[in-house]
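Asker: In case you want the letters, here they are:
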Amino acid sequence: MSSSRASTWNKLGDAAYAKSEKVSADLVALTYGSFVREIIKDFEEPDQVNKELEKLGYNIGIRLIEDFLAKSGISNCSSFEESAEIISRVAFKMFLGIRATVSNWNSEHNSCSIIFDENPLAEYVELPPEYTHSLFYSNLLCGVIRGALEMVQIIVECEFVKDQLRGDDTNEINIRFKEMLQEQVPWNDEE
Amino acid sequence: MTEVAEESFDFLVMIMVDYFLGNDEKRKKVSLKDDLSTRRKVERLEAIGRDIGRRWLEKLSEGTPHFSTELDKVKFICKEFWIATFQKQIDNLKTNNKGTYVLSDKRFRSLLHVSETPDAIGQLEDYIIFPLGIIKGAFESLGMNCEVYGDCSSAPSCIFTVNLKEQE
Chain V
1 MSSSRASTWN
11 KLGDAAYAKS
21 EKVSADLVAL
31 TYGSFVREII
41 KDFEEPDQVN
51 KELEKLGYNI
61 GIRLIEDFLA
71 KSGISNCSSF
81 EESAEIISRV
91 AFKMFLGIRA
101 TVSNWNSEHN
111 SCSIIFDENP
121 LAEYVELPPE
131 YTHSLFYSNL
141 LCGVIRGALE
151 MVQIIVECEF
161 VKDQLRGDDT
171 NEINIRFKEM
181 LQEQVPWNDE
191 E
Chain D
1 MTEVAEESFD
11 FLVMIMVDYF
21 LGNDEKRKKV
31 SLKDDLSTRR
41 KVERLEAIGR
51 DIGRRWLEKL
61 SEGTPHFSTE
71 LDKVKFICKE
81 FWIATFQKQI
91 DNLKTNNKGT
101 YVLSDKRFRS
111 LLHVSETPDA
121 IGQLEDYIIF
131 PLGIIKGAFE
141 SLGMNCEVYG
151 DCSSAPSCIF
161 TVNLKEQE
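Protein sequences appear in the order of chains V and D.
Note that UniProt numbering has the first sequence beginning at 1, numbered continuously upward.
Note that UniProt numbering has the second sequence beginning at 1, numbered continuously upward.
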């Protein structure tokens, strides 16, 4: 990763965030919290709740990508590695106002982690003890990443490996690259 | 107060509508008002909005001096609350001085995106259920029990009629 590309992406992220209308993170956290509580009522089993959150996130991701490409100024992306950097430097900043970092690449370079210390979704949240070790409260984000990447032909699997709500020192989402789909649709942000 | 892009909130609300009411395809098949189980879903989504509205208003009004009149409370909702929730203030406020307030918003946030999508026109009402809940919750938080109706027939403009149930 050249540092000039990294700084270009940082700037794109800052610019996209600066340009967008904002809402209070408190309102988002409050809304997300109420939503998760309802999903817990419906599914009860933490594993099922995690799955449902991921699915809902996927449905956001497949729609959000268009908005992302149109507003971020990103027009192409050649590899999984680049995508991971763009997600953490541009997308996290643009949508959530936070910057994440990419690390923990494996030797095959098909798996890495997105790490972020601040999580606007989880502000003021305390998990009930019975969920502390089983619920991934922000699992929606995994689905968003998977859905968005799928729309640009990159198939991945994502999962939380660290979550501050569980007492971890940071938040970490692991992304594993599966495959690149063949029919390359050109990225187009002019529509 | 930290902030996130409004799109994040829009996407979140969009999947909440899908989650509680079913996705577009399913919703097209049943008219919301006819079907009892759908009506329960609508009520549930509205109830979640109310709960959020109540707590959100409490947060927003922290440190605000006590409201001396009913009109002060309504004005707080039309301005501070509306800006914090929907990014602009109400364009016009009318009252009959008998507990009915009519709030007009010419570009109501929750309808901006949907009203641009021709497919979604029939679903406009689905997208004001949650915000109606939030608004109702906000009024309740100020001790004003009320019914709130939204007319979105000329979206993205929306006219809210608030009928107070009892004078404070």
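I should point out that these hints are in silico values taken from the structure, not numbers from a laboratory.
Be careful, since some hints might not be right.
[Said to hold, decoys possible] Pairs of lysine-lysine residues, derived as DSBU-like cross-links and limited to a Cα-Cα distance of at most 30 Å, are as follows:
| no. | chain 1 | residue 1 | chain 2 | residue 2 |
| --- | --- | --- | --- | --- |
| 1 | D | K75 | V | K51 |
| 2 | V | K19 | V | K71 |
| 3 | D | K94 | V | K19 |
| 4 | D | K75 | V | K41 |
| 5 | D | K75 | D | K106 |
| 6 | V | K22 | D | K59 |
| 7 | V | K71 | D | K106 |
Asker: Does K59(D) lie within 30 Å of K22(V) when you go C-alpha to C-alpha?
Answerer: Within the cut-off at roughly 18 Å; holds.
Asker: Holds or violated: are the alpha carbons of K19(V) and K71(V) at most 30 Å from each other?
Answerer: holds, 9 Å
Asker: Hint check: K75(D) vs K41(V), CA-CA at most 30 Å. Holds or violated?
Answerer: Judged against 30 Å, a Cα distance of about 36 Å means the pair is violated.
Asker: With a cut-off of 30 Å on the C-alpha distance, tell me whether K75(D) and K51(V) pass.
Answerer: Cα-Cα ~43 Å, so violated.
Asker: K94(D) and K19(V): Cα distance at most 30 Å?
Answerer: violated, 34 Å
Asker: For the pair we were handed, K75(D) and K106(D), check the Cα-Cα distance against 30 Å.
Answerer: holds, 17 Å
Asker: K71(V) and K106(D) were given as a pair; does the straight-line alpha-carbon distance stay at or below 30 Å?
Answerer: At roughly 25 Å apart (the allowed maximum being 30 Å), K106(D) and K71(V) satisfy the hint.
The earlier numbered hints that this structure contradicts are 1, 3, 4.
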